[in-house]
Structure formats: C-alpha cells, structure tokens
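Hey, can you work out the whole structure from these sequences and the hints?
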Amino acid sequence: MLRMAQEALTFDDVLLVPGFSDILPKDVSLKTRLTRNLSLNIPLLSAAMDTVTEARLAIAMAQEGGIGIIHKNMTMTQQAAEVRKVKSTKV
16 MLRMAQEALT FDDVLLVPGF SDILPKDVSL KTRLTRNLSL NIPLLSAAMD
66 TVTEARLAIA MAQEGGIGII HKNMTMTQQA AEVRKVKSTK V
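Each residue of the sequence shown is one higher than the one before, starting from 16 at the first, in the working numbering.
It is worth saying that the hints were derived from the structure and are not from the lab.
It cannot be assumed that every hint is accurate.
[As the list claims (entries may be wrong)] With a straight-line Cα cutoff of 20 Å, these simulated EDC-like cross-link-like pairs (lysine to aspartate or glutamate) come out:
id : residue 1 : residue 2
1  : Lys46     : Asp28
2  : Lys100    : Glu79
3  : Lys100    : Asp65
[What the hints assert, rightly or not] Simulated restraints, written as ranges between beta carbons of each label pair:
id : residue 1 : residue 2 : range
4  : Asp27     : Ile84     : 21 to 27 Å
5  : Pro40     : Ala63     : 14 to 20 Å
6  : Gln78     : Phe35     : 27 to 33 Å
Backbone N, C-alpha and C fix where the C-beta goes; we use that ideal spot for every residue, glycine too.
So, in structure tokens, the structure goes:
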C-alpha cells in the first residue's frame, strides 16, 4: 500500500547557515533510515540517470555511506552486471 508523506521539506527548510557551534563533528550522526530494513550513514542517494549512476558511482556512494541507484537505460543483462559489480565490492 502506498503511503504518502505528511510533511515535505525543501532545500531552504534544511539549509545550514555557517556559524559558530559548540557541537563537535564527532558528536554528530547523519544516519537516516531509507526503508524499514535499510539505513544509510549519510542521507545521500544518487539519481538513477544514465549520465549519473552506474556501478562506479554506486560503489563510491556505498563506500561513503550513501546509496547509488543504477539506472534502467540498459538491457536487463547489463543492469544485472552493474549490480553484481557493486555487490561484489567490499565496502
């Protein structure tokens, strides 16, 4: 069943204005839940566009704690090969 978000935010809603803070970087967590069973260490997803995400970027995103969405503008065999490359890389 499709669930709709009750609240939506824009870039301006979450923009951090530079300034002094007593909070140390080691005390900050950017971890976020993408799905019930999948958490990301950083809240970044790459676009599933053929000019943006293939295995190379998906691997880099995973290494940094995000996730890359492999695009669909290729054959299923090619897409499966891209996913295999990502999954076979030790992160």
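Status of each hint after checking the structure:
no., hint, in the structure
1, Lys46 to Asp28, "holds, 19 Å"
2, Lys100 to Glu79, "holds, 17 Å"
3, Lys100 to Asp65, "holds, 16 Å"
4, Asp27 to Ile84: 21 to 27 Å, "holds, 25 Å"
5, Pro40 to Ala63: 14 to 20 Å, "violated, 31 Å"
6, Gln78 to Phe35: 27 to 33 Å, "holds, 31 Å"
Checked against the numbered hints above, the structure breaks only hint 5 and satisfies the rest.
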